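> The chain contents come next:
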Amino acid sequence: MELNELYISLLIGALKALLGITFLLALAAVNTWFERKVSALIQNRTGANRASLFGMDLAGLVNTLVCDPLKAFLKEDWVPKGVSQFMHCLPVFFAVFPVLLCIAAIPFAPPLTALGLEISLQVTNLNAGLLFVFAFGSLAVLGVLLAGYVSNNKFALFGGLRAVAQMVSYEVVLGLSALSMLIIYRSLDLQDMVLAQSGTFYGLPNWGIFLNPLAFFIFFTAMMAETKRAPFDLPESESELVAGYLTEYSGMKFLLFWLSEFAEIVICACLVSIIFLGGWQLPYFDITTITSDWGGVLPDWFNRMNFQWAPLLGAGIFGLKVTAMCVLQIIIRWTLPRFRYDQLMSFCWKILFSLCILNLVGTAILMLSGGYNIWEA
Amino acid sequence: MGSLVFYILAFLTVLSAGAVVCLPKVIHSAIALIICFCLLAIHYLFLGSEFIAALQILIYAGAIMVLLVVSIVLMGSAFENQQEAGLLAKVIGVILASALLFVLSLAVPVGKGQFLNFEEQATILFSVVDIGQALFEKYFLAFELVGVLLLLVTVGAVMLLQEKKLPLPEGSGLRAKRQEHAKEAK
Amino acid sequence: MISSYLLLAVSLFAIGVLGVLVRRNVLVVLMCLELMLNGVNLAAVAFSQQLQNADGQVLVMVSFAIAAAEVTVGLVIIVLLYKNFYATATDAAQNLNG
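Those sequence lines, one after another, are chains C, Y and P.
Residue numbers for the first sequence, in the numbering used here: 964 to 1340.
Residue numbers for the second sequence, in the numbering used here: 2 to 187.
Residue numbers for the third sequence, in the numbering used here: 16 to 113.
Any given hint could be a false lead.
Said to hold, decoys possible - A partial selection of chain Y residues facing chain P, derived with a Cβ cut-off under 7 Å:
hint: 1; residue: Val21
hint: 2; residue: Gly94
hint: 3; residue: Ile96
hint: 4; residue: Val130
hint: 5; residue: Asp131
hint: 6; residue: Leu136
hint: 7; residue: Ala143
hint: 8; residue: Leu150
What the hints assert, rightly or not - Here are the computed lysine to aspartate or glutamate pairs in the DMTMM-like style, where the Cα-Cα straight-line distance is at most 20 Å:
hint: 9; chain 1: Y; residue 1: Lys165; chain 2: Y; residue 2: Glu185
hint: 10; chain 1: P; residue 1: Lys98; chain 2: Y; residue 2: Glu181
hint: 11; chain 1: P; residue 1: Lys98; chain 2: Y; residue 2: Glu185
hint: 12; chain 1: P; residue 1: Lys98; chain 2: Y; residue 2: Glu145
hint: 13; chain 1: Y; residue 1: Lys139; chain 2: P; residue 2: Asp106
hint: 14; chain 1: Y; residue 1: Lys178; chain 2: P; residue 2: Glu85
hint: 15; chain 1: C; residue 1: Lys979; chain 2: C; residue 2: Glu968
hint: 16; chain 1: Y; residue 1: Lys91; chain 2: P; residue 2: Asp106
hint: 17; chain 1: Y; residue 1: Lys26; chain 2: P; residue 2: Asp106
Claimed, not checked - Derived Cβ-Cβ restraints for the label pairs, each shown as a range:
hint: 18; chain 1: P; residue 1: Leu111; chain 2: Y; residue 2: Val111; range: 34 to 40 Å
hint: 19; chain 1: C; residue 1: Lys1034; chain 2: Y; residue 2: Leu153; range: 50 to 56 Å
hint: 20; chain 1: C; residue 1: Pro1246; chain 2: Y; residue 2: Gly133; range: 28 to 34 Å
hint: 21; chain 1: P; residue 1: Asp70; chain 2: C; residue 2: Ile1314; range: 36 to 42 Å
Keep in mind the hints are simulated off the structure, nothing from the lab.
Please read these numbers as outputs of a predicted model, since none were measured by experiment.
Glycine is no exception: its CB is placed at the ideal position from the N, C-alpha and C atoms.
Please work from the sequences and hints to get the whole structure.
What follows is the structure in structure tokens.
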């Protein structure tokens, strides 16, 4: 590859990565605001409304997005007795870094044709994209475990060990339920999965949730358990274990753990949207067929720019779906009570695992008998 | 440019592998090994094997190391009075390992005057379809046997850890042993 | 290019052997065994790229599964060693009963 082409592709890749990370972090920050306000709505109270900037309260945005991070920045950064600073910081790295990397495989929009190249709006189009997201999810387990261990605190250790057992068990269920969708879509590449969901399926849109609704529920449940969201939040159960594995973390480290949890919510929403809700596709309408001139409605100087509507529209649709899934997770958190530990583990291994295997066998049978005829026009 | 990246990555990999062997505390060795596995995944990406890179992180760094770190966490109190090997044993170990390194590197095909010359060749990307075809058509028996092996290991691990509640004599339990150990250490 | 990767694989293997010979802690010995396995995996993937054949990748996948199984059983043995001798040194279990 010539040096010029190399630089251009590097620049485009860097821009895509920047956009992806910005999307992830911005949505994670907005999720913290959603958490406070939506929970307030559900619990019939006002929520955060004390802080205001220039007299404007902005419905708690100032409080959550300005005051909380500022408070965390300015807190003292301390480590427990007998623990080295390096070991105390390391679990934060393992918790945050893989979650931020997950955005690399997520496709935002249909491919964009610009500068004579076809740029796919995915930071990298990995052949095994879904597997990479699961791999980074399993790397996050180490962060939790080490956080519990290096805290030199029995409560934190209990929280860490519980979290590890829970996350490792639900990873199995997650992989199996995604496997049944993989049988239908025949590809691990997330952009291929979105492209396979165009068209209709017996009158309904060809989305994963209509093709295999059981897999949707299992995947969503397993992903919520994997990210330790309630009702599976025993590892950080506030009323039982002080703060679980986060007990000895304060200030910026705690905020980074918190950020990684909310970024995981966003990744979960992205995955569910892509695999089950059609990604950037609209139902019953293929947005890649929108020509740039809207059938002669727009003026001529605009048409000469050959502006591509499909990627922009696709990105907007994807953002809406992701936000809806995030809000759904937050609503579920504040609606259901927490599981007891033995209920949690038996739910995973006795109920969800058996359902997953049955789902896999049923999907395979249907696929072989030609029931899922999504591959025929 | 590609060779510079490779050399930096290779140096870091060997450094972290050395850290696994040399660091005195077990938990530090475990973290160095996790870093080594992640760097190896990057090496696999350079060799066009995305599937294997993802599996490396998923299985090694995400499952095997979690098992090891959990066992370090639960059995940490036994490491305190660990006697490490004496100097003679370490020297003999280093000599043997370098002899092995020397003999194995003789088998590596390096042309004349070409030592450490990283020429970039055209790499192909192994898709999941390729690996699936090889696994299910050519090596199907291996696939089935691996399934049986994993079943055996699961059942065996649970069986080995079953505790039979027989009446034991007084000083043979773990608590008694720990007290004895503490008394000896004083 | 493949010779560089093979040299890296060989050095990982040799470092693993060094660890198994020198360290007295059973968990570190297990970790160095994993290093050796990874050296071999890297060599297999390098060869698979050189020969442009997917067979090396299949070998690596089977090796992953076997490594996971081996670590499980190894850790079970270490846990039993700890329960019976309250030590994780490689020379902990050196006396017979009676």
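> Could you check if valine 130(Y) really has its C-beta closer than 7 Å to a C-beta on chain P?
At about 10 Å, which exceeds the 7 Å cut-off, the nearest Cβ of chain P leaves the hint on valine 130(Y) violated.
> For lysine 178(Y) and glutamate 85(P), compute the direct alpha-carbon distance and say whether it is at most 20 Å.
29 Å, violated
> Using 7 Å as the Cβ threshold, decide whether glycine 94(Y) counts as touching chain P.
4 Å, holds
> Is the straight-line distance between the alpha-carbon of lysine 91(Y) and that of aspartate 106(P) 20 Å or less?
With a Cα-Cα distance of about 16 Å, the restraint between lysine 91(Y) and aspartate 106(P) holds, given a limit of 20 Å.
> Hey, lysine 98(P) versus glutamate 185(Y), does the alpha-carbon distance stay inside 20 Å?
Between lysine 98(P) and glutamate 185(Y) the Cα gap is close to 18 Å, so the pair holds against 20 Å.
> Is 28 to 34 Å respected by the C-beta to C-beta distance linking proline 1246(C) and glycine 133(Y)?
Between proline 1246(C) and glycine 133(Y), where Cβ atoms are some 31 Å apart, the hint holds.
> Less than 7 Å between beta-carbons is the criterion; does leucine 150(Y) satisfy it with respect to chain P?
With a minimum Cβ separation of about 6 Å from chain P (threshold 7 Å), the hint on leucine 150(Y) holds.
> Just to be careful, I want the Cα atoms of lysine 98(P) and glutamate 145(Y) compared with a cutoff of 20 Å; is the pair within it?
Not satisfied, since the Cα-Cα distance of roughly 35 Å exceeds 20 Å.
> Going straight from one Cα to the other, do lysine 979(C) and glutamate 968(C) come out at no more than 20 Å?
Given that 20 Å is the threshold and the Cα spacing comes to 16 Å, the pair holds.
> Has the given pair, lysine 139(Y) with aspartate 106(P), been kept, meaning a C-alpha gap of at most 20 Å?
Not OK: lysine 139(Y) and aspartate 106(P) at ~44 Å, beyond 20 Å, violated.
> Let me know if the C-beta of valine 21(Y) comes in closer than 7 Å to any C-beta of chain P, holds or violated.
6 Å, holds
> With a cut-off of 7 Å on the beta carbons, see whether aspartate 131(Y) makes it to chain P.
The hint holds - aspartate 131(Y) has a Cβ within 7 Å of chain P, the shortest such distance being about 5 Å.
Hints 3, 4, 9, 12, 13, 14 and 18, counting from the list given before, are not met by this structure.
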